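**Q** The chain contents come next:
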Amino acid sequence: MSQFNQHTGGFDRHYDEITCLQYLEGLLDRPTARELSAHTDQCTDCRELMHALERESRLLSNALREQEEAVPAHLLAGPVRDKTPWAWVASFGMAAAGVYWLWTSFINPAMAQANEVGFGSTDLLSTLFFQGALWKGWPEMWSLIQGVAVVSLSVIGFFLLRRSLRKFNTIAMVMTALLVALGMPTGASAAEIHRHESHYTLPAGAVVHDDLIVFGDSVEIDGTVDGDLISFGRNLTITGHITGDVISFGALTEISGIVDGSVRSFSNQLMFRGKIGKNLMIFTNQLKTDAQSTIGWGATLFVGGDATLNGRIERGILGFTQRMDLNGFVGGNTDLKSSDSFTIGPQAQSMGKIAYTGSVQPEVSSSAKLASPVETTIEIHKIDWYAGITYWHKLLFWGAGFVFGLVVLLIAPGFFVETVQNVERFGVSLGVGVLTIIATFIVAVAVCFTIVGLGIGIATLLLWFIAMYGSHLFTAAWLGRKLVGKKSFAGVVAGKKSWPVPYKGALIGQFALGLLLLDAIRLIPYVGFCAAVLAQVWGFGALALTIYHRIHPGVRSSIDAAPATA
Amino acid sequence: MNASDQLELAECITRARTGDLEAWGELYREFAGPIFRFCRRSLHTKEDAEDATTEIFMKVHEKLAQYDSTRPFQAWLYKVAANHCWDSLRRRRIRQDLETEGVEEMPLEHPDPSQLNLLLDAQSTKEMRDALKKLPARARMALVLRYYTDMSYDEIAETLGVRRNFVGVVLLRARHQLREALTGQSLQGMNAEQTP
Numbered sequence: 014m015s016q017f018n019q020h021t022g023g024f025d026r027h028y029d030e031i032t033c034l035q036y037l038e039g040l041l042d043r044p045t046a047r048e049l050s051a052h053t054d055q056c057t058d059c060r061e062l063m064h065a066l067e068r069e070s071r072l073l074s075n076a077l078r079e080q081e082e083a084v085p086a087h088l089l090a091g092p093v094r095d096k097t098p099w100a101w102v103a104s105f106g107m108a109a110a111g112v113y114w115l116w117t118s119f120i121n122p123a124m125a126q127a128n129e130v131g132f133g134s135t136d137l138l139s140t141l142f143f144q145g146a147l148w149k150g151w152p153e154m155w156s157l158i159q160g161v162a163v164v165s166l167s168v169i170g171f172f173l174l175r176r177s178l179r180k181f182n183t184i185a186m187v188m189t190a191l192l193v194a195l196g197m198p199t200g201a202s203a204a205e206i207h208r209h210e211s212h213y214t215l216p217a218g219a220v221v222h223d224d225l226i227v228f229g230d231s232v233e234i235d236g237t238v239d240g241d242l243i244s245f246g247r248n249l250t251i252t253g254h255i256t257g258d259v260i261s262f263g264a265l266t267e268i269s270g271i272v273d274g275s276v277r278s279f280s281n282q283l284m285f286r287g288k289i290g291k292n293l294m295i296f297t298n299q300l301k302t303d304a305q306s307t308i309g310w311g312a313t314l315f316v317g318g319d320a321t322l323n324g325r326i327e328r329g330i331l332g333f334t335q336r337m338d339l340n341g342f343v344g345g346n347t348d349l350k351s352s353d354s355f356t357i358g359p360q361a362q363s364m365g366k367i368a369y370t371g372s373v374q375p376e377v378s379s380s381a382k383l384a385s386p387v388e389t390t391i392e393i394h395k396i397d398w399y400a401g402i403t404y405w406h407k408l409l410f411w412g413a414g415f416v417f418g419l420v421v422l423l424i425a426p427g428f429f430v431e432t433v434q435n436v437e438r439f440g441v442s443l444g445v446g447v448l449t450i451i452a453t454f455i456v457a458v459a460v461c462f463t464i465v466g467l468g469i470g471i472a473t474l475l476l477w478f479i480a481m482y483g484s485h486l487f488t489a490a491w492l493g494r495k496l497v498g499k500k501s502f503a504g505v506v507a508g509k510k511s512w513p514v515p516y517k518g519a520l521i522g523q524f525a526l527g528l529l530l531l532d533a534i535r536l537i538p539y540v541g542f543c544a545a546v547l548a549q550v551w552g553f554g555a556l557a558l559t560i561y562h563r564i565h566p567g568v569r570s571s572i573d574a575a576p577a578t579a
Numbered sequence: 170m171n172a173s174d175q176l177e178l179a180e181c182i183t184r185a186r187t188g189d190l191e192a193w194g195e196l197y198r199e200f201a202g203p204i205f206r207f208c209r210r211s212l213h214t215k216e217d218a219e220d221a222t223t224e225i226f227m228k229v230h231e232k233l234a235q236y237d238s239t240r241p242f243q244a245w246l247y248k249v250a251a252n253h254c255w256d257s258l259r260r261r262r263i264r265q266d267l268e269t270e271g272v273e274e275m276p277l278e279h280p281d282p283s284q285l286n287l288l289l290d291a292q293s294t295k296e297m298r299d300a301l302k303k304l305p306a307r308a309r310m311a312l313v314l315r316y317y318t319d320m321s322y323d324e325i326a327e328t329l330g331v332r333r334n335f336v337g338v339v340l341l342r343a344r345h346q347l348r349e350a351l352t353g354q355s356l357q358g359m360n361a362e363q364t365p
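Line by line, the protein sequences give chains A and B.
Quick note on numbering: the first sequence equals residues 14 to 579 in our numbering.
Quick note on numbering: the second sequence equals residues 170 to 365 in our numbering.
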């Protein structure tokens with residue numbers, strides 16, 4: 014082991030550095046060590062060298078083991094622990110508390126208000142649009158919801174992108190979000206508001222020189238509103254004149270007067286005999302326009318039941334109806350999707366093209382005056398299992414899902430893996446999925462109705478739809494991983510920036526396999542539908558949990574363990 | 170670590186091996202800090218160290234069943250960490266030195282102890298760390314394995330993929346490179362002080 018080197022100092026021979034080092038580390042064989050020890054007793058140079066090397070070792074060790082830098086909090090947060098019983102209890106407890114809070118704060122007062130005005134409904138749409146709208150604190154809620162939406166989007170964006178963005182960009186993003194929040198309109202301009210009136214009538218000859226907002230059982234406008242009219246009530250009757258727009262929520266809306274602007278109505282039934290200067294946009298169950306009625310521009314119709322159009326529409330129609338009866342004038346193109354029937358009566362006159370999609374052929378009167386024949390597309394909702402194209406479409410569907418998932422996996426691998434890991438927590442993910450799917454949608458739709466918050470509402474809805482589409486992919490990845498037989502992830506992937514290379518190919522393969530299996534299950538009648546819904550909700554919950562964990566990493570900054578060998 | 174801690178750790182490992190995630194969490198929290206620091210010393214950036222820490226624990230979780238409980242857990246853990254970091258460096262093609270590179274050039278002459286002492290006198294632990302960062306990957310890794318994890322020469326040889334006999338040379342060469350880096354730093358510091 015030892016080597017000798019000639020040196021011109023006091024001693025003729027000195028031990029070389031490597032031998033001295035190995036002696037210090039106890040790696041020399043006993044005779045050599047003894048020899049060296051005896052030598053250093055006599056040789057000052059070698060003794061000093063040994064001391065210097067020992068010092069160097071100590072300094073090195075201290076430098077390496079010194080805890081001068083804190084361990085990042087997200088690393089110390091540790092793995093997601095399996096606290097299933099507590100997680101269940103907490104989840105259900107929170108859900109119950111949330112439901113109670115929603116009920117006492119929003120739904121119950123809204124229903125009481127609805128009953129007060131004689132309006133009650135049982136379907137979700139009405140509950141969302143009307144009961145919520147009738148809550149007396151609604152106007153004050155706008156700014157709060159806008160704020161919450163902006164902050165939520167900013168926070169979600171920040172936590173999703175924080176590993177990619179460095180300080181400056183993050184600050185810029187937060188500042189931009191704050192500016193957007195501050196720059197948003199603070200609310201509607203001054204308006205005349207009438208609340209808690211069972212019957213409100215604006216008599217003929219009377220003029221409101223402002224926007225008019227009315228809450229009531231029955232609202233009758235015989236006079237003039239020099240501005241917009243917003244009505245929440247069971248019945249709205251307009252025989253007077255509105256110079257602006259009309260937005261109405263109610264059971265029955267009758268317009269026989271004049272509206273210079275547009276009409277946007279969310280009513281169970283709309284009867285129209287008057288004149289609308291611009292557009293009609295309607296979400297309703299039944300629509301009827303009389304022969305003397307006129308719509309200056311176009312009509313956008315979402316009609317759950319019958320739509321009967323006898324009047325004039327100067328421009329086009331975009332319609333989604335169950336049954337449509339057209340017996341009036343249409344100045345532009347008609348694009349209609351009607352599930353049950355489409356009838357063109359003898360008084361009908363169309364100056365543009367009519368494109369119709371439905372399950373049955375349209376009935377066209379021979380007396381009708383049409384610029385061109387009806388372009389009909391018959392849609393039959395029946396899968397032809399013998400057609401190759403069916404499987405091609407299914408394969409394309411799988412491919413689209415795979416590509417989407419792959420993009421997420423490659424852009425944010427840590428996020429993807431953590432979400433797949435959360436899928437493992439079946440109960441919690443499912444519970445959270447149900448809650449967040451409903452809650453996010455409700456909030457997003459509600460924000461859309463604030464008008465000023467429309468952009469945020471639409472953005473939130475867009476994210477919601479993307480999340481809805483993507484959520485089943487995480488379930489698929491989990492399924493694939495289970496199939497291949499590998500155990501769950503270590504659960505320490507929060508905050509990861511880059512992908513752990515050894516697992517990359519494996520997980521992509523597992524994901525592809527899981528997605529294929531899931532899509533195959535979807536083909537099974539009934540069972541497939543249930544499985545698809547389950548996968549969607551389950552994955553959505555896991556996604557929500559991941560986002561939640563990113564926002565609340567559970568900092569444990571106090572842990573600062575010393576090296577195990579220290 | 171005293172006997173009771175060792176016993177507790179052994180029990181925790183046993184539970185973690187049976188799939189008890191609570192026990193796995195305890196293990197993680199106990200060792201995440203030291204492993205992060207190990208990665209921080211071995212790799213170039215903080216982000217790399219963070220990523221490596223998570224990846225190492227993923228590996229440990231999967232390999233826990235293979236752990237031989239008669240051996241110290243820490244040593245095994247550091248072995249996994251060292252392999253991971255070294256693989257990571259090798260994959261990124263930043264391992265600049267090959268197994269036998271520079272062995273012939275090794276200065277085997279007796280250095281001047283007084284010069285070495287003078288150099289060490291002027292260094293703080295921070296300066297030492299700064300100098301370590303400037304070393305080639307293998308030199309840095311060798312020093313970290315020896316002086317942070319207390320790995321034996323055999324283990325270092327296995328991790329770095331060099332012959333056992335070369336470990337001493339690799340370590341000594343790393344020390345020389347460190348001294349050069351420290352000297353360079355000292356000279357830079359002196360120049361900076363002299364500059365008006």
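Hints are computed from structural coordinates only; laboratory data are not their basis.
This one's a predicted model, so the numbers in the text were calculated from it and none came from an experiment.
Note that beta-carbon positions come from the ideal geometry of N, C-alpha and C, so glycine has one too.
Be a bit skeptical, because a hint or two may be false.
Below, a list of computed lysine-lysine pairs in the DSS-like style, where the Cα atoms sit at most 25 Å apart [stated by the list, open to error]: (1) 407/A with 288/A; (2) 232/B with 495/A; (3) 495/A with 295/B.
Here's a subset of chain B near chain A, in silico, CB distances under 7 Å, partners left out [to be verified]: (4) 181; (5) 184; (6) 201; (7) 245; (8) 282; (9) 286; (10) 287.
**Q** Which hints from the list above does the structure break, by number from lowest to highest?
**A** Going through the list in order, the structure violates hints 1, 3, 4, 5, 7 and 10 and respects the others.
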